[in-house]
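Trainee: Starting from the given sequences, assemble the full structure and let the hints guide the process.
Top to bottom, those sequences are chains A and B.
One point on numbering: in the numbering used here, the residue at position 29 of the first sequence is 22, and numbering is uninterrupted.
One point on numbering: in the numbering used here, the residue at position 128 of the second sequence is 1248, and numbering is uninterrupted.
Just to be clear, a hint being listed does not mean it is correct.
[What the hints assert, rightly or not] With a straight-line cut-off of 25 Å between C-alpha atoms, the simulated PhoX-like cross-links for lysine-lysine are:
| id | chain 1 | residue 1 | chain 2 | residue 2 |
| --- | --- | --- | --- | --- |
| 1 | B | K1384 | B | K1424 |
| 2 | B | K1313 | B | K1424 |
| 3 | B | K1424 | B | K1437 |
| 4 | B | K1424 | B | K1436 |
| 5 | A | K37 | B | K1402 |
| 6 | B | K1402 | B | K1384 |
| 7 | A | K116 | B | K1191 |
| 8 | B | K1300 | B | K1402 |
| 9 | B | K1402 | A | K48 |
In case anyone wonders, no lab produced these hints; they're calculated from the structure.
Residue strings, one per chain:
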Amino acid sequence: MNKILKGRGLSGGIAEGEAIITSQPFSISAAFTFPLIQFSRKLKVADRTHELYRKDVGDKILIFPYPIGTTTLGFVLLETIHRGIGPKAIVCERGEPLMSSGAVAADIFFGIQFPIVDQIDFKELEKIKNGSIVRVNGTEGTLEIIE
Amino acid sequence: MYLTKEEEDILSGNKGEMLSKLMKLIVKLGDSFGAEKLIDIVSAHTVLNFGLNFVNAAANVLHEIAESGLKVKVRTTADPIIDMDYSEELSVVYPMFTLHDQMMEDLDKIGIRGFTCTPYFIDNKPKFREYCAWSESSAVIYLNSVIGARSNREGGLVDIACGILGKTSYHGLLITENRKGELLFRLSPDIDKNDLFNLTSIGLIIGEIAGNQVPVIEGLENISSDYLKNLGAASAATGAVALIHVIGKTPEGKTLEQAFQNDKPKEIIDITMNDIKQVREKYSTEWNKSPNNISIGCPQLSRKEAIEVINKLEGKKISEGINFWICTNPEAKNSIINSDYNRILEDSGAHLTSFCPLLTALPRPLTTNSAKTCFYSNATYRNIDDCIRIATEGWYNE
Chain A
-6 MNKILKGRGL SGGIAEGEAI ITSQPFSISA AFTFPLIQFS RKLKVADRTH ELYRKDVGDK
54 ILIFPYPIGT TTLGFVLLET IHRGIGPKAI VCERGEPLMS SGAVAADIFF GIQFPIVDQI
114 DFKELEKIKN GSIVRVNGTE GTLEIIE
Chain B
1121 MYLTKEEEDI LSGNKGEMLS KLMKLIVKLG DSFGAEKLID IVSAHTVLNF GLNFVNAAAN
1181 VLHEIAESGL KVKVRTTADP IIDMDYSEEL SVVYPMFTLH DQMMEDLDKI GIRGFTCTPY
1241 FIDNKPKFRE YCAWSESSAV IYLNSVIGAR SNREGGLVDI ACGILGKTSY HGLLITENRK
1301 GELLFRLSPD IDKNDLFNLT SIGLIIGEIA GNQVPVIEGL ENISSDYLKN LGAASAATGA
1361 VALIHVIGKT PEGKTLEQAF QNDKPKEIID ITMNDIKQVR EKYSTEWNKS PNNISIGCPQ
1421 LSRKEAIEVI NKLEGKKISE GINFWICTNP EAKNSIINSD YNRILEDSGA HLTSFCPLLT
1481 ALPRPLTTNS AKTCFYSNAT YRNIDDCIRI ATEGWYNE
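Mentor: See the structure below:
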């Protein structure tokens, strides 16, 4: 039986993919704005102060403790969701409305679902290995570790 | 959450499809974060106005809102826009503003006017305890900390939805208990507290450590509101800090007891001059050659700050090949340009602009006195006097 971690669903939908985990708080604005401006096909983290710098997070399930940074992050996330180049879902310990707004707006205005789940203890999230296959259910607020 | 009959009506679509979508956005976010109800706001401020080519999806939504004929109910301002006075100097960045014209038209239709990241220096200045829906992290932290009005860090688009509905969801920093200080920062005696470069570096450190908690600073009771603006902007960049109490300075931090709401800090952190040096090394990009651009401000300077910089340029000349940007709000810019200070600007060759300081970054190398710009761009981070020295006397190695 797969391990299922229970948290809170901040934005609905289901996504499955490879996990990429960082214990460093994550600035979506600092990480994604430049690749978006350059119309990059791949979403490599552009935040040079982050340990995921230059890592491709496209199609991954991005896991971090909590989001930081300036308030453009909602529509920056909306843009990555709309272009389909970003991660497939986000899981964190403590979410905030700012980040959720990008995903909720994607659903309301474009009918695209991008699950976000928070309120899972980072000690549990940390145990997940990079590259493990996980399934995020934003409607139920769960993270299932598949392999 | 509890909704009034009128709010239910809007949500169900009886007042139009677009208004229903905007209400859905606010209610969904509020529900996720445990809001019990919506609350009336007096003011909004949006970051959804840059017109840069990376906001297509949000710009499409903005256009739909404008087409639907909806207008803001409360005073709503927006972040800075491109400054056409410098089309030549900014020729590298202008082609990126492909959405600018359409967005300006749409914002105007919706009733959003006044373009600055410091709306509190123009006529969007809420009062103590008033509820607002602001984005622009540096403005939110100023609003909450210095003015004592209340806003969560709303997002671009959500802020406009709130402005149109005249409401936001009641949670987070709108509630007194959530404004309680959590971490206490103390400053070691070797720190010169009158030096802005130290204060903005302290802002970087506090943001890193506090994350999204509420920091309290002891020992800065004489800090000016302008300096606190710059310190706060740094904390809002390296962290998600939206409120800082400064003991003896900010309205909810008159005493330690008030700042911590009679509770104890979760942690006490001492900041030393060595910490400040380390954080500068961490974030500053040392280009080791003369910059193409030097950006002063971020947040935009107050009128007083801009004049202080201009006065420092008296009798000096910006070197060939360097753009020296002094960024302030459009009203301050106009008033300064129409004053005697304009002579110093013209003689020195510095540019006074209402543009976003963060967007004056290209082409690099870039030098800045702003901790926030330094965090978001690959910039060499120096104090204002060094920035002027580099601009007028050339690059130097320390």
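Trainee: Work down the list of hints and note, for each, if the structure agrees.
Mentor: Here is what the structure says about each hint:
This hinted pair does not check out: K1384/B and K1424/B have alpha carbons roughly 37 Å apart, beyond 25 Å. Restraint check: the Cα-Cα separation between K1313/B and K1424/B comes to about 19 Å, which is no more than 25 Å; the hinted pair holds. Distance hint between K1424/B and K1437/B is fulfilled; the C-alpha atoms sit about 21 Å from each other, no more than 25 Å. Simply put, K1424/B and K1436/B have alpha-carbon atoms about 20 Å apart, close enough for the 25 Å limit, and the pair holds.
Under the criterion of a C-alpha separation no larger than 25 Å, the hint pairing K37/A with K1402/B is consistent with the structure, at around 21 Å. At roughly 31 Å between alpha-carbon atoms, K1402/B and K1384/B are farther apart than 25 Å, so this suggested pair is violated. Distance restraint check for K116/A and K1191/B: the Cα-Cα separation of roughly 46 Å exceeds the 25 Å cut-off, and the hinted pair is therefore not satisfied. Only pairs whose Cα atoms come within 25 Å are accepted, and K1300/B paired with K1402/B is rejected, the gap being roughly 30 Å.
Among the hinted pairs, K1402/B with K48/A is consistent with the structure: their alpha-carbon atoms are about 20 Å apart, no more than 25 Å.
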